[in-house]
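Chains E and X: place on chain B using the hints.
Residue numbers (this note's numbering), protein chains in the order written: chain B, 1 to 272; chain E, 273 to 454; chain X, 455 to 831.
Calculated directly from the structure, the hints in this document are not laboratory data. Here a beta-carbon is modelled for each residue, glycine too, at the ideal position from N, C-alpha and C. Possibly wrong hints are sitting among the right ones.
[Unchecked claim] Derived, one-sided and incomplete: chain X residues facing chain B with beta-carbon distance under 8 Å:
hint	residue
1	PRO500
2	ILE520
3	GLY521
4	ILE646
5	TYR665
6	PRO670
7	GLY675
8	PHE692
9	LYS696
10	ALA697
11	VAL700
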Amino acid sequence: MAFDYDKYIRPGKLPHIWCPGCGHGIVMKGLIRAMDSLNMKKEETAIVSGIGCASRLPGYMDCCTLHTAHGRAAAFATGVKMAKPEMNVILVGGDGDGTAIGGNHFIHACRRNIDMTYIIMNNYIYGMTGGQFSPCTPTGAKASTTPYGNPDPGFDIAKLAIGAGATFVARGTAYHATQIDKLIAEAIQHKGFSVVEILDDCPTTYGRRNKYRSVVEMMNRLKEVAVPVKAAEKMTAEQLEGKVLTGVLHKVEQPEYCEQYAKVLQRAQAAK
Amino acid sequence: MAGRYEIRFSGAGGQGLILAGVIMAEAASIYDGIQAVQSQSYGPEARGGASKSEVIISDGPIDYPKVTKCDALLALTQEACDKYSHDLKEGGVLLIDSDLVLREPPGNFKVTKFNITNTAKNEVGREIVTNIVALGAMVALTGVVTKESAEKAVLSRVPEAFIDLNKKAFQLGYEKAMAAKG
Amino acid sequence: MAKKVAFLQGNEAAAHGALYAGCKFFAGYPITPSTEVAEVMSAELPKVGGKFIQMEDEIGAMAALIGASLTGLKVLTSTSGPGLSLKQENIGYACITEVPCVIVNVMRGGPSTGMPTGPSQSDVMCAKWGTHGDHAAICLVPASVQELFEETVRAFNIAEKYRMPVMVMPDEIVGHMRERIVFPEPGEIEVIERTGPSVPPEQYKPYDTSYGDVPPLAAFGSGYKFHVTGLNKMQDGFPTTKAEIVQAEEERQVRKVEANKADIMKWEEYLCDDAEVIVVAFGSTSRSARFAVDEARKNGIKAGLFRLITFWPFPEERLLELSKQVKGFITPEMNLGMCTGVVKGCIEGNAPVLGIFRVDGEPVNPGQILDKMKEVK
Numbered sequence: 001m002a003f004d005y006d007k008y009i010r011p012g013k014l015p016h017i018w019c020p021g022c023g024h025g026i027v028m029k030g031l032i033r034a035m036d037s038l039n040m041k042k043e044e045t046a047i048v049s050g051i052g053c054a055s056r057l058p059g060y061m062d063c064c065t066l067h068t069a070h071g072r073a074a075a076f077a078t079g080v081k082m083a084k085p086e087m088n089v090i091l092v093g094g095d096g097d098g099t100a101i102g103g104n105h106f107i108h109a110c111r112r113n114i115d116m117t118y119i120i121m122n123n124y125i126y127g128m129t130g131g132q133f134s135p136c137t138p139t140g141a142k143a144s145t146t147p148y149g150n151p152d153p154g155f156d157i158a159k160l161a162i163g164a165g166a167t168f169v170a171r172g173t174a175y176h177a178t179q180i181d182k183l184i185a186e187a188i189q190h191k192g193f194s195v196v197e198i199l200d201d202c203p204t205t206y207g208r209r210n211k212y213r214s215v216v217e218m219m220n221r222l223k224e225v226a227v228p229v230k231a232a233e234k235m236t237a238e239q240l241e242g243k244v245l246t247g248v249l250h251k252v253e254q255p256e257y258c259e260q261y262a263k264v265l266q267r268a269q270a271a272k
Numbered sequence: 273m274a275g276r277y278e279i280r281f282s283g284a285g286g287q288g289l290i291l292a293g294v295i296m297a298e299a300a301s302i303y304d305g306i307q308a309v310q311s312q313s314y315g316p317e318a319r320g321g322a323s324k325s326e327v328i329i330s331d332g333p334i335d336y337p338k339v340t341k342c343d344a345l346l347a348l349t350q351e352a353c354d355k356y357s358h359d360l361k362e363g364g365v366l367l368i369d370s371d372l373v374l375r376e377p378p379g380n381f382k383v384t385k386f387n388i389t390n391t392a393k394n395e396v397g398r399e400i401v402t403n404i405v406a407l408g409a410m411v412a413l414t415g416v417v418t419k420e421s422a423e424k425a426v427l428s429r430v431p432e433a434f435i436d437l438n439k440k441a442f443q444l445g446y447e448k449a450m451a452a453k454g
Numbered sequence: 455m456a457k458k459v460a461f462l463q464g465n466e467a468a469a470h471g472a473l474y475a476g477c478k479f480f481a482g483y484p485i486t487p488s489t490e491v492a493e494v495m496s497a498e499l500p501k502v503g504g505k506f507i508q509m510e511d512e513i514g515a516m517a518a519l520i521g522a523s524l525t526g527l528k529v530l531t532s533t534s535g536p537g538l539s540l541k542q543e544n545i546g547y548a549c550i551t552e553v554p555c556v557i558v559n560v561m562r563g564g565p566s567t568g569m570p571t572g573p574s575q576s577d578v579m580c581a582k583w584g585t586h587g588d589h590a591a592i593c594l595v596p597a598s599v600q601e602l603f604e605e606t607v608r609a610f611n612i613a614e615k616y617r618m619p620v621m622v623m624p625d626e627i628v629g630h631m632r633e634r635i636v637f638p639e640p641g642e643i644e645v646i647e648r649t650g651p652s653v654p655p656e657q658y659k660p661y662d663t664s665y666g667d668v669p670p671l672a673a674f675g676s677g678y679k680f681h682v683t684g685l686n687k688m689q690d691g692f693p694t695t696k697a698e699i700v701q702a703e704e705e706r707q708v709r710k711v712e713a714n715k716a717d718i719m720k721w722e723e724y725l726c727d728d729a730e731v732i733v734v735a736f737g738s739t740s741r742s743a744r745f746a747v748d749e750a751r752k753n754g755i756k757a758g759l760f761r762l763i764t765f766w767p768f769p770e771e772r773l774l775e776l777s778k779q780v781k782g783f784i785t786p787e788m789n790l791g792m793c794t795g796v797v798k799g800c801i802e803g804n805a806p807v808l809g810i811f812r813v814d815g816e817p818v819n820p821g822q823i824l825d826k827m828k829e830v831k
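Excised from the complex, chain B in its bound form (with noise of 0.2 Å):
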């Protein structure tokens, strides 16, 4: 029997606004597969986002849905959070959004380490705007604000997070579409800030300006550069020269700012 993606849909939201040939559903239709695996409450779930393509996500989703302001998700999530510990919260949106202007929120949410799960949609550009370069757009890359070559270097935006000291960071991408709901349900079960990246592609916006002639084009190339990090351990550097690692890439166990801060409550109300 086909999978019921119906039940978290939110009823007459559909159809999205994403283009033909844009990963952002891939990915979207990965969460609602990862939620009912860990048979997620949809109002006990908190879905967050930004502004972009990627952060119209939550519209779509029947939960508790914020959509916020441009870089904000992190940061909103954070309130709703800490003041609802029991909820899940989970925050999407795009590499834009999330490293350019939510930078500073980003990276201070997994400092943190505050138990939420940010899925950042990496289309390498802004597409909503229309696609101007992003801090994740390949150094020499076409956007329309790189008319002769992005000069730019790009995050890579899972060493961000594990930089910023995020206790789980994995990497997906659109193309392998059944890995996506396995991240992000392990990413949710994880007890601290998690983070999956998924590498997706914007035909509209980035593919017609980088020399990609299909939409098929772009995913192949998705599924070209992926390597798994447990197949990357037998390659050499020559061959891992331009792959990049997907699975999960660090898990470690530290404590959780709700946690941590429920200790404040504790240790206040003991010395009242």
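This is chains E and X only, laid out in the frame that chain B set:
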């Protein structure tokens, strides 16, 4: 007392002058049952630089919270004395540290001076209580709050372990000012 | 039993007012001269089961505040000029999404870093026009430590009652000065709670105007699922660009304050009945003004004080009435004419408005006001 009495504690940032002002105001408003407002002004630096703490004491409501014509001024440093003595009224009380303020401002004031900082350092044993020595002296010289209330206010503001130290500082300041006043 | 009395700083009183009102969440970022508010909240909130978080920046603090409010908590942040500029993005978000929150902004010199420890009253326009787009604004400007406590309680009441951000703006002098405060007993000052939904979750709409201009607000995690967005939205909370809906919603969000001005506005008239010259002032400047008015009366000048307690909404109608009886208004303020301009704008040229402006980090003193009274002929 009748009407408004305006006191300014001045010195260098870090000398505890704000606290001295707060204690004086608490003595009036919490323990003596009259009105008081305390305010302060300081530069961006929390330590060093001239700093002032102002206390207005009155038997009626206090509208303007700042000094208009200063009735009593404490100056622990030369810089503070130069900067904050301009509006001390004729016949006003001026208390200065005799080791640190060598140029007195021109004017007709009731000047009292003794080695405030060194009293704290050498006779009480801790320089950190300079503000409480100065407070004891200001209580003696102004007479606008009772000695008992001021002592109570001091003790309510200091940690248990430092009560004796502060009691001694307050008492020495009070006595030395009375003696120096002549 | 005698009431609890303390000698407190204004900022500390604001924090205690918030606690009295039932505040259970604070998010902030350190900034002079407001930090004492955060310090008291960090110590006191955990004792009553509340939460305190110091965020990575002012923007994040405002964001976390709104997130926490959406779970049903009463929330507070505190800041000062440069922080207020940063918070404006999400203050706008709280306006359009209609999420209650209270912002204590202690006014210091500006623009930019300005004079961090110097007093000012130059953020009152920022309270109304700081965030982009049309929206209502409520700004309270208390003048004493006791009033800062009480107006903070009232700010929470207004925020919850009208589902919107409310600003409390003491100037640095009021924020930092210490006075005796008498703590009201629980129940002595009214505390208003948020109106939650009266329908089951499947029928709930977060902007259901069948309840009037202020729709009930459910809490995340209480069984109600709904969508919140900074886009223009429909009654069910989902985005729309339909002209008639956007127009009606924008108008409603301004109307909910305009139509309830009488409930929100507060001012004090002192010796205004027969006054020929009225000083319009707020915050610490109103204390100088009252001192000056008393002095003037002793000298036979018929002076009065019109003390603003809300700056927004501004009591335009009452000042227009008074303008018909006076020879002139005097508007002392620690800025370059913000209140003066508003007074001029509402009195239809009936009387001259003479401003006294100080932006040098010093308060307007009573002598300056007395001197200005001589210019009113």
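The hints, checked one at a time:
Given the 8 Å rule on beta carbons, the hint for PRO500/X holds: about 3 Å separates it from the nearest Cβ of chain B. A distance limit of 8 Å between C-beta atoms decides the matter here; for ILE520/X the minimum to chain B is near 6 Å, and the interface restraint holds. Interface hint at GLY521/X: satisfied, since its Cβ lies 3 Å from the closest Cβ of chain B, which is below the 8 Å cut-off. Residue-level restraint check for ILE646/X is violated (minimum Cβ-Cβ distance to chain B is 20 Å; threshold 8 Å).
Annotation: TYR665/X was flagged as interfacial toward chain B, and the flag is violated, the nearest CB pair being 21 Å apart, outside 8 Å. Checking PRO670/X against chain B: minimum C-beta separation of about 16 Å lies over 8 Å; hint violated. Checking GLY675/X against chain B by beta carbon gives a least distance of about 5 Å; that is within 8 Å, so the hint holds. Given hint, PHE692/X at the interface with chain B, holds; its Cβ is 7 Å from that chain's nearest Cβ, closer than 8 Å.
Violation of the interface hint for LYS696/X is found here, the shortest Cβ-Cβ separation to chain B being roughly 15 Å, above the 8 Å cut-off. Taking 8 Å as the C-beta contact cut-off toward chain B, the hint placing ALA697/X at the interface is violated, the least distance being around 20 Å. With a least beta-carbon distance of about 17 Å to chain B, the hint placing VAL700/X at the interface is violated under the 8 Å criterion.
When the structure is compared with the earlier hints, violations turn up for hints 4, 5, 6, 9, 10 and 11 and for no others.
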